[in-house]
Amino acid sequence: GAVVSQHPSRVICKSGTSVKIECRSLDFQATTMFWYRQFPKQSLMLMATSNEGSKATYEQGVEKDKFLINHASLTLSTLTVTSAHPEDSSFYICSAAGTSGLYNEQFFGPGTRLTVL
Amino acid sequence: AQRVTQPEKLLSVFKGAPVELKCNYSYSGSPELFWYVQYSRQRLQLLLRHISRESIKGFTADLNKGETSFHLKKPFAQEEDSAMYYCALSRNTGNQFYFGTGTSLTVIP
Numbered sequence: 001g002a003v004v005s006q007h008p009s010r011v012i013c014k015s016g017t018s019v020k021i022e023c024r025s026l027d028f029q030a031t032t033m034f035w036y037r038q039f040p041k042q043s044l045m046l047m048a049t050s051n052e053g054s055k056a057t058y059e060q061g062v063e064k065d066k067f068l069i070n071h072a073s074l075t076l077s078t079l080t081v082t083s084a085h086p087e088d089s090s091f092y093i094c095s096a097a098g099t100s101g102l103y104n105e106q107f108f109g110p111g112t113r114l115t116v117l
Numbered sequence: 001a002q003r004v005t006q007p008e009k010l011l012s013v014f015k016g017a018p019v020e021l022k023c024n025y026s027y028s029g030s031p032e033l034f035w036y037v038q039y040s041r042q043r044l045q046l047l048l049r050h051i052s053r054e055s056i057k058g059f060t061a062d063l064n065k066g067e068t069s070f071h072l073k074k075p076f077a078q079e080e081d082s083a084m085y086y087c088a089l090s091r092n093t094g095n096q097f098y099f100g101t102g103t104s105l106t107v108i109p
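Chain order of the listed sequences is A and B. Going by the numbering used here, the first residue of the first sequence is number 1, and it counts up by one from there. Going by the numbering used here, the first residue of the second sequence is number 1, and it counts up by one from there.
Since the hints were derived computationally from the structure, they do not count as laboratory data. Ideal Cβ placement from N, Cα and C applies to all residues, glycine included. Each hint should be verified, as a subset may be incorrect.
As the list claims (entries may be wrong) - Below, computed lysine-lysine pairings styled on DSSO-like, alpha-carbon distance capped at 30 Å: (1) Lys73/B to Lys41/A; (2) Lys66/A to Lys15/B; (3) Lys73/B to Lys22/B; (4) Lys66/A to Lys65/B; (5) Lys66/A to Lys73/B; (6) Lys41/A to Lys9/B.
What the hints assert, rightly or not - One side of the interface only, derived from the structure: several residues of chain B facing chain A at Cβ under 8 Å: (7) Tyr98; (8) Thr106; (9) Pro109.
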């Protein structure tokens, strides 16, 4: 099946710094990638939809100036958490839209654990 | 707005017993429904989707539009089924997925 990677898998940073998380589709081209946030013992919350070569579409309540998304190529999308604060600490997961057989499917990355001190 | 509800956060069954994980949804259009599974320390992966009408690892799920439900069932639970299960909805336009809160299934040996 299709593989999606994320880097880094874990990051700890000081409050006020910016953190960049990369999401790559390794063996297929993904015109659309998605970013999710998952709080402990809670479900995945869709943050934004990232389309290659265009601006990301953010879900209601997600600050686009806080969470900068860039989808510069068909295999790479980045999420930058700007001026991170402790409340931004979370598990961030990306997925890439592709096809599996006849059907559309989302393939998920392993996630990035962000801890802001 | 779309919503996916999984009423059970935790579910425990004995090995060999039937298991049903509930999922209800609300959406005004015609959604696609999915079940995703996350085994311990692994990434989220697709288990099955309503449109393909498959049985994967002994699991089945039938979309009931009248009851707006998409419950996941397996007649005989196995220990390796212990995992976190998420029901998800995709709108008929676009690829966005909306997830339920998840059900943690534990199969007791």
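CA of Lys73/B to CA of Lys41/A, is that 30 Å or under?
Judged against 30 Å, a Cα distance of about 23 Å means the pair holds.
Interface hint status, Pro109/B versus chain A (Cβ within 8 Å):
For Pro109/B, the interface hint is violated, since the closest Cβ of chain A sits about 24 Å away, which is over 8 Å.
Has the given pair, Lys66/A with Lys15/B, been kept, meaning a C-alpha gap of at most 30 Å?
violated, 47 Å
Between the alpha carbons of Lys41/A and Lys9/B, is the straight-line distance 30 Å or under?
Holds, at about 9 Å.
Could you check if Tyr98/B really has its C-beta closer than 8 Å to a C-beta on chain A?
holds, 6 Å
Holds or violated: Lys73/B with Lys22/B, Cα cutoff 30 Å?
holds, 9 Å
So, Thr106/B near chain A? Judge it on the closest CB pair being under 8 Å.
With a minimum Cβ separation of about 15 Å from chain A (threshold 8 Å), the hint on Thr106/B is violated.
Restraint check for Lys66/A with Lys65/B, where alpha carbons must lie at most 30 Å apart:
Measuring from Cα to Cα gives roughly 39 Å; hence the hint is violated.
Restraint status (C-alpha distance of Lys66/A to Lys73/B at most 30 Å)
Status violated; Cα separation ~41 Å.
Violated hints, in rising order: 2, 4, 5, 8, 9; the structure is consistent with all others.
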